[in-house]
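Chain by chain, the residues run as shown.
2 protein chains.
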Amino acid sequence: MSSTSAAPGRGEKPPMRDALVAAAFRLFLERGYEQTTVDDIVALAGVGRRSFFRYFPSKEDVVFPDHERCLADMEAFLAASDDGHEPVRRVCDAARLVLGLYAENPTFSVQRYRLTKRVPGLRAYELSVVWRYERALAEYLRARFADRREGTLRADVIAAAVVAAHNNALRSWLRSDGKGDAGAEVDRALGYVLSTYAGTPGPAPAAAEADGDVVVVVSRRDAPLWRVVQELEGVLGRG
Amino acid sequence: MSSTSAAPGRGEKPPMRDALVAAAFRLFLERGYEQTTVDDIVALAGVGRRSFFRYFPSKEDVVFPDHERCLADMEAFLAASDDGHEPVRRVCDAARLVLGLYAENPTFSVQRYRLTKRVPGLRAYELSVVWRYERALAEYLRARFADRREGTLRADVIAAAVVAAHNNALRSWLRSDGKGDAGAEVDRALGYVLSTYAGTPGPAPAAAEADGDVVVVVSRRDAPLWRVVQELEGVLGRG
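Chains as they are written, first to last, in my numbering: chain D, 20 to 258; chain H, 20 to 258.
I should point out that these hints are in silico values taken from the structure, not numbers from a laboratory.
Predicted model, so just to flag it, every value in this text is computed and none were measured.
The beta-carbon is built from N, C-alpha and C at its ideal position, and this holds for glycine as well.
Careful, some of the hints might be misleading.
[Said to hold, decoys possible] When the alpha-carbon atoms are kept at most 30 Å apart in a straight line, the in silico DSSO-like pairs for lysine-lysine are as follows:
no., chain 1, residue 1, chain 2, residue 2
1, H, Lys-198, D, Lys-136
2, H, Lys-198, H, Lys-78
3, D, Lys-198, D, Lys-78
4, H, Lys-78, H, Lys-136
5, H, Lys-136, D, Lys-78
6, H, Lys-136, D, Lys-136
7, D, Lys-78, H, Lys-78
8, D, Lys-136, D, Lys-78
9, H, Lys-136, H, Lys-198
10, D, Lys-136, D, Lys-198
[As the list claims (entries may be wrong)] The following residues of chain D were derived to be distant from chain H, with all beta-carbon distances above 12 Å:
no., residue
11, His-86
12, Asp-101
13, Arg-115
14, Thr-126
15, Glu-204
16, Arg-207
[As the list claims (entries may be wrong)] Facing chain D, from chain H, some residues (calculated, C-beta under 7 Å):
no., residue
17, Ser-147
18, Val-148
19, Ala-162
20, Phe-164
21, Ala-165
22, Ala-183
23, Ala-184
24, Asn-187
25, Ala-208
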């Protein structure tokens, strides 16, 4: 991984594709995104227009060259799940694949973040990318929650919570110019979502349930203490 | 409220603006969105191009004629809050303003839903609208949570959860062609988010805290029962 190259780093990719991304970002940073044409990019990269459009449907796509691959990785990761995977933990792990894409090349990621903030069209493109990640997570959870009450509602809400937590940490890291430990920040943010949702089978605020190694009791504050303790003893199997 | 007019109904709006929306939707439905030009719309409405662009920056904007107003309503509603409002309940109430916009004219809302599903550019536009609503909710929560641990993280996650729940119910209602009780569906969906987040002061899985009328105790399952009871008594002020 090179933190000084403008091209993203991971995996085996055609050199021409990398050259186009590097040329595009050099021009975007020098002249601005709107002032750079596809012709400018192919001229700097020393290739023809058709080569550009073989890799990228539009100028916007060259700004986010690896999201299609990351989305495919995420879908493959989720498809390789089995019933032994706690579903919320699994989608958190899937979300970390996106973090990995950003963290593998901090310089490129920070440059793109600044560019995207300045160009409304790129912001819209990014929102549609985020939406596709969120749908992939939600589809997985919907399947896992198919036999649960309000399964699609819970799947959609948890997928949105995971994406929001991930992006809160990712944006914080990008705003700090890619300094600091992105993985630790995202773990902390996803930990909040996990503490809320992981292993809890449903929206049953008046009940007490045991699942895994924690017990959650939710009680009205004015409930008699003996009732709360009784409930707790029942759940812990010590009553 | 008219459920047969193609123009949205609420509030006082210039008749020319309504006429442009009605003409646009008639053409979008007859010919398709891509095949309809602004010239076609102004010809049918009997006005000039400049009149169109006085009300709508682009052809996309005429598809969502009331979101700017609804966003302003939402911001005004949140700005009119005081510390007595439970924050999560307040953002759920703010989200219901969006539902109101859709429910006041089911025919128009269902037509637009179908159109948006078919046209990728409109889908992207809608995502940017949803993002702006979510940011308005998150900004309010960030301010309310300013003195809490992980306030911005929690604000972002809860705003995303509220929007996801709202949209899950809204889409379900739109898919049913606007039949059924949209308000009841959204209440049920937001109730799930409220039961998770309302009145809970923070992501403190090892601690117990009192806030409002509920107490949440989270404990390791193997914790000695006396320790859990001691914690509970301390929080309830009965120790």
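Hints and how they fare:
With a C-alpha separation of about 40 Å, the suggested pairing of H/Lys-198 with D/Lys-136 is violated against the 30 Å cut-off. Our distance criterion of 30 Å between C-alpha atoms is met by H/Lys-198 and H/Lys-78, whose separation comes to about 29 Å. A threshold of 30 Å between alpha carbons decides the hint, and for D/Lys-198 with D/Lys-78 the separation of about 29 Å falls inside it, so the pair holds. Between the alpha carbons of H/Lys-78 and H/Lys-136 the distance comes to roughly 16 Å, so the proposed pair stays at or under 30 Å and holds.
Straight-line distance between C-alpha atoms of H/Lys-136 and D/Lys-78 comes to about 24 Å, which keeps the hinted pair within the 30 Å bound. Straight-line distance between C-alpha atoms of H/Lys-136 and D/Lys-136 comes to about 27 Å, which keeps the hinted pair within the 30 Å bound. Distance hint between D/Lys-78 and H/Lys-78 is fulfilled; the C-alpha atoms sit about 22 Å from each other, no more than 30 Å. Between D/Lys-136 and D/Lys-78, the direct Cα distance comes to roughly 16 Å. Compliance with the 30 Å bound is thereby established for this hinted pair.
Simply put, H/Lys-136 and H/Lys-198 have alpha-carbon atoms about 19 Å apart, close enough for the 30 Å limit, and the pair holds. For the hint pairing D/Lys-136 with D/Lys-198, the CA-to-CA distance comes to about 19 Å; that is within 30 Å, so the pair holds. With a minimum CB-CB distance of about 15 Å to chain H, D/His-86 clears the 12 Å threshold, and the non-interface call stands. Residue-level check passed: D/Asp-101 sits 24 Å from the nearest beta carbon of chain H, beyond 12 Å.
Residue-level check passed: D/Arg-115 sits 16 Å from the nearest beta carbon of chain H, beyond 12 Å. Once the 12 Å rule is applied to beta carbons, D/Thr-126 is consistent with being away from chain H; the minimum gap is 25 Å. Interface exclusion of D/Glu-204 from chain H breaks down, the closest Cβ pair being 10 Å apart, not more than 12 Å. For D/Arg-207, the shortest C-beta to C-beta distance to chain H comes to about 8 Å, within the 12 Å cut-off, and the non-interface label is violated.
For H/Ser-147, the interface hint holds, since its Cβ comes within 7 Å of a Cβ in chain D; the closest pair sits about 5 Å apart. Interface hint at H/Val-148: violated, since its Cβ lies 10 Å from the closest Cβ of chain D, which is beyond the 7 Å cut-off. The interface hint given for H/Ala-162 is broken, as the beta carbon of that residue sits about 16 Å from the closest beta carbon of chain D, more than 7 Å. The interface hint given for H/Phe-164 is violated, since its Cβ lies 12 Å from the closest Cβ of chain D, which is over the 7 Å cut-off.
Among the interface hints, the one on H/Ala-165 is violated; its C-beta lies about 15 Å from the nearest C-beta in chain D, farther than the 7 Å criterion. Restraint check, H/Ala-183 versus chain D: the minimum CB separation of about 3 Å is within 7 Å; hint holds. Interface restraint check: H/Ala-184 against chain D, minimum CB-CB distance 5 Å, threshold 7 Å, status holds. A hinted interface residue such as H/Asn-187 counts as satisfied when its beta carbon comes closer than 7 Å to some beta carbon of chain D; here the least separation is about 5 Å, so the hint holds.
The beta carbon of H/Ala-208 is positioned within 7 Å of a beta carbon in chain D (closest approach about 6 Å), and the interface hint is therefore held.
Taken one by one, the earlier hints fail for this structure at numbers 1, 15, 16, 18, 19, 20, 21, listed in ascending order.
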